[in-house]
Amino acid sequence: MVRTEDILATIRMIHEENFDVRTVTMGISLLDCRSDNVDALCQRIYERILSRAARLRDACEALTAKYGVPIVNRRIAVTPISIVAAGHTHDGFLQVAHALDDAARELEIDLIGGYTALVHKGMTPDDETLIRSLPDALSGTERVCASVNAASTNAGINMDAI
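Per this note's numbering, the very first residue in the sequence shown carries number 1; after that it's consecutive.
Keep in mind that a hint or two might mislead.
What the hints assert, rightly or not - Pairwise CB distance ranges, derived in the manner of DEER restraints:
id : residue 1 : residue 2 : range
1  : D32       : T4        : 51 to 59 angstroms
2  : L111      : I157      : 21 to 29 angstroms
3  : M13       : I162      : 35 to 43 angstroms
4  : E5        : Y67       : 17 to 25 angstroms
5  : Q43       : T10       : 44 to 52 angstroms
6  : R12       : P135      : 42 to 50 angstroms
Derived from the structure by calculation, the hints contain no laboratory data. Keep in mind that this is a model prediction, so the values were computed, not measured. Even for Gly, the Cβ is constructed at its ideal location relative to N, Cα and C.
Build out the structure end to end from the sequences listed, making use of the hints.
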């Protein structure tokens with residue numbers, strides 16, 4: 001049975017202590033979006049994200065309305081782009097970053113992560129291309145988040161990537 005004290009404590013947390021859900025994240029696989037043609041790749045990525053995450057914002061708003069707890073950020077996480085865009089040039093990687101950003105903007109999603117290279121066990125030319133594109137990708141987009149995984153407990157630190 002719900003006690004009055006518990007309800008009041010929850011209300012106090014929400015209003016006085018700024019209790020909220022920091023982020024809701026939806027994961028989307030882009031592995032089967034790969035293409036040798038960068039325009040086709042970007043179109044597939046854009047369409048995949050729009051089709052899979054079309055209801056994410058509404059679902060978050062419904063949860064906020066139902067429980068009264070605000071959700072601060074809506075985020076999408078995608079397959080590491082160094083894998084999805086493998087074989088493309090620096091400019092191709094930038095086109096992918098813009099496709100991610102465009103999809104997030106269209107869906108009114110706050111953040112889209114996955115502009116990522118996993119290099120803890122070694123670095124491929126595609127990983128290096130992504131890393132070199134990071135300044136342009138991040139300065140030219142609004143919602144794209146990037147990362148480089150350069151270490152793990154088992155593999156240690158990849159000093160070549162650093």
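Hints, verified against the model:
1. For D32 paired with T4, a C-beta distance near 52 angstroms keeps the hint of 51 to 59 angstroms intact.
2. For L111 paired with I157, a C-beta distance near 27 angstroms keeps the hint of 21 to 29 angstroms intact.
3. Distance hint check: the CB atoms of M13 and I162 are about 41 angstroms apart, consistent with the given range 35 to 43 angstroms.
4. Evaluation of the 17 to 25 angstroms hint for E5 and Y67 yields a pass: the beta carbon distance comes to about 18 angstroms.
5. Checking the proposed 44 to 52 angstroms range against Q43 and T10 shows it holds: the Cβ atoms sit about 45 angstroms from each other.
6. Range check, R12 to P135: about 45 angstroms between beta-carbon atoms, so the 42 to 50 angstroms window is met.
Checked against the numbered hints above, the structure breaks none of them.
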